[in-house]
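K.L.:
These protein sequences, in sequence, are chains A and B.
Position 98, counted from 1, in the first sequence is what numbering that gives the first Met the number 0 calls 97; the numbers after and before it change by one each time, with no gaps.
Position 8, counted from 1, in the second sequence is what numbering that gives the first Met the number 0 calls 7; the numbers after and before it change by one each time, with no gaps.
Think of the hints as simulated: they come from the structure by calculation, not from any bench.
Treat the hints with care, as some may be off.
Within a straight-line C-alpha distance of at most 27 Å, the following computed DSS-like cross-link-like pairs (lysine-lysine) qualify [said to hold, decoys possible]: (1) B:Lys378 / A:Lys98; (2) B:Lys358 / B:Lys289; (3) A:Lys95 / B:Lys378; (4) B:Lys145 / A:Lys95; (5) B:Lys378 / B:Lys145; (6) A:Lys98 / B:Lys143; (7) B:Lys143 / A:Lys95; (8) A:Lys125 / B:Lys104; (9) B:Lys219 / A:Lys98; (10) B:Lys378 / A:Lys123; (11) A:Lys95 / B:Lys124; (12) B:Lys172 / B:Lys124; (13) A:Lys123 / B:Lys172; (14) B:Lys172 / A:Lys121; (15) B:Lys219 / A:Lys95; (16) B:Lys124 / B:Lys94.
A short list of chain A residues far from chain B (calculated; beta carbon distances all over 10 Å) [claimed, not checked]: (17) Leu7; (18) Val16; (19) Thr24; (20) Ala27; (21) Asn51; (22) Pro60; (23) Met65; (24) Thr86; (25) Asp99; (26) Val102; (27) Asp104; (28) Lys108; (29) Lys123; (30) Gln130.
Sample of chain A residues at the chain B side, in silico, Cβ under 7 Å [unchecked claim]: (31) Ala15; (32) Leu17; (33) Ile83; (34) Asn87; (35) Leu88; (36) Asp90; (37) Asp91; (38) Ser93.
Beta carbons are placed, not taken as given, at the ideal position from N, Cα and C, and that holds for glycine.
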Amino acid sequence: MTKRTAPLLLVVEDEAVLRRLLVMTLRAEGFTVIEAVDGAEGITLACKRRPNLILLDIIMPEVNGMEMLQRLRKDPWGKKADVILLTNLGDDESIKRAKDFGVTDYFIKSDWPLDELAHEIKAKLKTKDAQQLEEMPL
Amino acid sequence: MAKTKRDPRTTNTQLLAEEKAMSDALFASLGEAALATDRYGKIMRINEAALNLFGYTEDDIVGKKYLNVVSAYDLNGHEIDTLNRPIIRSLMEGKPVSGTLQYVKKNGSLFPVAVTVSPIVLDEKPVGTIQVIRDITVEQQINKAKTEFVSLASHQLRTPLTAIRWYTELLLKGTMGNLNDKQRTSLEQILGVTLRLIGLVGVLLSTARIETGSLAVTPKPSNICELAHDVIDELQPQMSQRKLKVHEDYDASLPLIHLDPELTRAIFQNLLTNAMKYTPDGGKIYVAVKRERNYVLIRIRDTGYGVPKSQQRHIFTKLFRADNVRRLDTDGTGLGLYIVKSIVQNANGRVWFESEEDKGTTFYVRLPLAGMTPKAGQKLS
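The shape of chain A in the complex, shown without the other chains (with noise of 0.2 Å):
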């Protein structure tokens, strides 16, 4: 039997505090996390060590969150990525800009009890799971 290791995620956020709670938060839940303070570092470790999901901010000095994703996009890898946008802007322009780049989902940070946010993450995996399995030739 293989042994089945721990979905990757990969946290990319500025703000220092954020980043601590969700990743304490993401490893409690059984995840392995690992993190990147903007959107520069974000690309090389998302390209690098390809994580099962981004959890990716948007205002984020130097690279921010949307020019991530453009350069993402245009990895053969990263043109794939699951992406969730976990971010405080909330307007509709940055939304359907997300929309375009195919991110899984938007959530506005704020919105979010923490433990809820973990459950949707885990949700969200399960289900990608079972859709790879799905489309597993047999």
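Given chain A's structure and the hints, the job is docking chain B onto it.
P.N.:
Then chain B, alone, in the frame of chain A:
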């Protein structure tokens, strides 16, 4: 009335010349840009401010047909039909017409303006027009900057609030050690006010969107009675806690109406939350939605504290809160009714109320059965 003694040598021609000199001076010294046309729309006069605004010289423009020289576009950049141009409407309707639109300068560039065109009437017939034009480029830039500022400020406010919210939740869960009852109560209060602040940021964003006219309207065929009932259902836990009884009375013959469900829900949410907040425990709230000719009439009545007579005229003003409830309730923002009024007015409806202190308040909202007009923009936050 005393008559002015006139020099017999003064001729009619001289009088006319004096009158003309006076009106010329008046026209030239106007701070705003102004131009006058005859009844056929030929430009007769234009002042310095208007020439500067358009970039024309007097020779370029005087004596020419106004509609041929000055093109007009709406604020979205669509050319305005001749029949809808303020100058034509003013001549046809015989009364002043105001509007916000874009004009084209001599160099072809567009600029936003607020205009008022008044007909010059002689013997009850329009013989020309006078148009006063104000360049609103700076005003519009300020508006845009304001929206961007509010959006960014909201984001910046939400970030530390998220940190407070998440840390408090972790503490309450016991992740960082056990809590005694006092600590738990204090943390619950911190979480409560933090959630209130997060809600307030959303309300501020909605207000900014209303004020800058960027609120989206997306009408769908909606059952307004169901929308009302859903909102009441959501508020039921708080109503039960306060032992408030709700009576619902819906007109089953109401057709589906093209309404933006979110905006309509916001009307019910704000009015019902107010009725709840400002009615003592055990009180009653009556909700009725009825057809009234080509309108739907919503009536929300409570048996609450009411609004003092002296303060009733301020009730829809932004940030206003009546004295008698400010002492009772710390939750209100003074933005709820302002938002309701803005939504209702945008939908060509009307909102009003009747209130008697210590007896209760009834709010009425009348919306046209024709529904809301779609508009692109930002959603209510």
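K.L.:
Which of the stated hints cannot be reconciled with the structure, identified by number in ascending sequence?
P.N.:
Failing hints, ascending: 8, 11, 12, 18, 19, 20, 24, 28, 31, 33, 38.
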